[in-house]
Amino acid sequence: MRSMWWKYLSIIILIYVVIMGLSTPLKPGITSVSKLNVKAGSMENIQIEGYNTRFADADNRVWLKLNDSYAIRARQVAVADNNRMTATFKFPAETPISAKNAPLTLIIDNEVQGPAIMPSAMFINGTEGKSGDGWKAPIDKIHDLPGIQFPYRNILNETIRNTFFHIPLWFSMFILLVASLWYSVKYLRKQHIKDDIYASCLIRVAVLFGVMGITTGSIWARFTWGTFWTDDIKLNMATVAMLIYVAYIILRSSISDVDRRAKISAGYAIFAFIALVPLVFVIPRLTDSLHPGNGGNPALGGEDMENTLRMVFYPAIIGLTFLGLWFTSLLIRYELLQERLIDDTLNEG
Amino acid sequence: MKNKITPIILTITALFISSSARAEGGVIDFLGSIGKIYSVIAVIVVILLGIGYFLIRLDHKLTKLEKQINNNE
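Protein chains in written order, with the numbering used here: chain Z, 1 to 349; chain F, 1 to 73.
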């Protein structure tokens with residue numbers, strides 16, 4: 001009996017990922033405000049639309065924050081329904097700092113739901129005043145909604161949950177490819193046909209994961225970036241890397257001699273991996289990309305990930321990697337059986 | 001066996017794509033409704049299809065292997 005625990009573990013983890021990933025609610029968010037540019041000294045009625053909000057269910061306090069020390073509070077809040085309200089702001093005649101299109105952060109604190117925040121909701125123009133009169137509204141006693149919620153992001157909305165399905169596919173694909181590199185090198189050193197079978201099965205499952213990664217990414221792109229395919233650098237470089245590995249599979253099937261096939265494909269696999277690293281990890285960081293974490297900064301730190309997302313994201317990587325290894329082990333067992341069958345026929349003949 | 005199933009899968013995929021292209025407005029609107037939650041479901045379905053494709057391929061390979069073993073005996 002082979003050790004089965006990690007196979008069961010992968011199923012349990014993936015069930016956890018799907019249930020947690022789909023059932024956890026999003027934090028309330030603000031989708032739009034009716035006015036973008038405001039002037040100091042004016043009085044504005046601003047219509048605000050929320051997503052997943054419960055404006056009508058409890059008291060709301062609304063602020064516009066200029067920076068950490070200056071904010072103004074809405075004079076009046078008129079709630080239309082759970083997702084719509086009108087907030088009336090009286091902007092003081094002068095701003096505490098010289099403001100030319102300075103961004104204002106809109107904060108709505110709801111008694112039962114806690115805060116909904118929209119950064120750069122509006123932009124203010126005004127001349128600098130000495131004291132910052134009227135900008136001293138304290139943002140305090142912010143409510144907390146108990147339990148776990150995923151962050152709300154404009155444009156992303158609910159598709160933030162794709163973080164647990166699209167990205168882990170690529171992570172586990174990369175882990176499988178690292179493993180295949182190990183076996184390719186091992187084959188070239190020791191020339192055991194078993195290592196060649198291990199490497200090729202790992203790559204076949206990795207390519208399957210890569211194709212799923214591209215397809216899921218394409219669907220995600222349609223609903224956030226507006227099109228199934230963009231000229232985004234990471235997307236296209238990942239596709240090139242995938243095609244290199246697809247060529248590996250085709251190359252293998254074109255060579256009938258077992259030892260030659262093993263040697264050539266091991267060498268090709270090492271080359272393909274060396275091409276993969278700059279294509280996926282280096283080039284996208286040198287230019288701008290729509291993907292988070294490119295054009296310089298790492299993706300997993302900073303504002304793109306939150307701890308609530310990590311609670312599901314990391315298990316998803318582990319679960320999908322184990323699932324991929326399980327698939328690989330099935331393919332390997334099949335290939336080894338066929339190998340034995342061929343050997344038996346040769347010996348009998 | 002393997003050669004029989006691949007065209008079937010391709011046909012179904014092509015039909016799905018062409019029908020969704022014709023009704024793209026409707027399908028896209030549906031997938032994008034309620035905070036785009038159905039596009040997440042579409043992503044999960046794609047992963048399940050990938051797993052299903054792998055299982056079907058393996059199934060056919062094993063059937064072939066079984067036949068070979070039976071013929072040898």
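Just so you know, the hints here were simulated from the structure itself, not pulled from any lab data. Keep in mind that this is a model prediction, so the values were computed, not measured. Check each hint, because a few of them may be wrong.
Stated by the list, open to error - Part of the chain Z face toward chain F, derived, beta carbon under 8 Å:
| # | residue |
| --- | --- |
| 1 | Asn-157 |
| 2 | Tyr-334 |
| 3 | Leu-336 |
Said to hold, decoys possible - The list that follows gives simulated cross-link-like pairs (lysine-lysine, BS3-like), each with its CA atoms no further than 25 Å apart:
| # | chain 1 | residue 1 | chain 2 | residue 2 |
| --- | --- | --- | --- | --- |
| 4 | F | Lys-67 | Z | Lys-263 |
| 5 | Z | Lys-194 | F | Lys-61 |
| 6 | Z | Lys-100 | F | Lys-64 |
| 7 | Z | Lys-90 | Z | Lys-136 |
| 8 | F | Lys-61 | Z | Lys-7 |
| 9 | Z | Lys-194 | Z | Lys-136 |
We treat Cβ as the ideally placed atom computed from N, Cα and C, and that holds for glycine.
Structure-inconsistent hints, enumerated in ascending order: Failing hints, ascending: 3, 4, 6 and 9.
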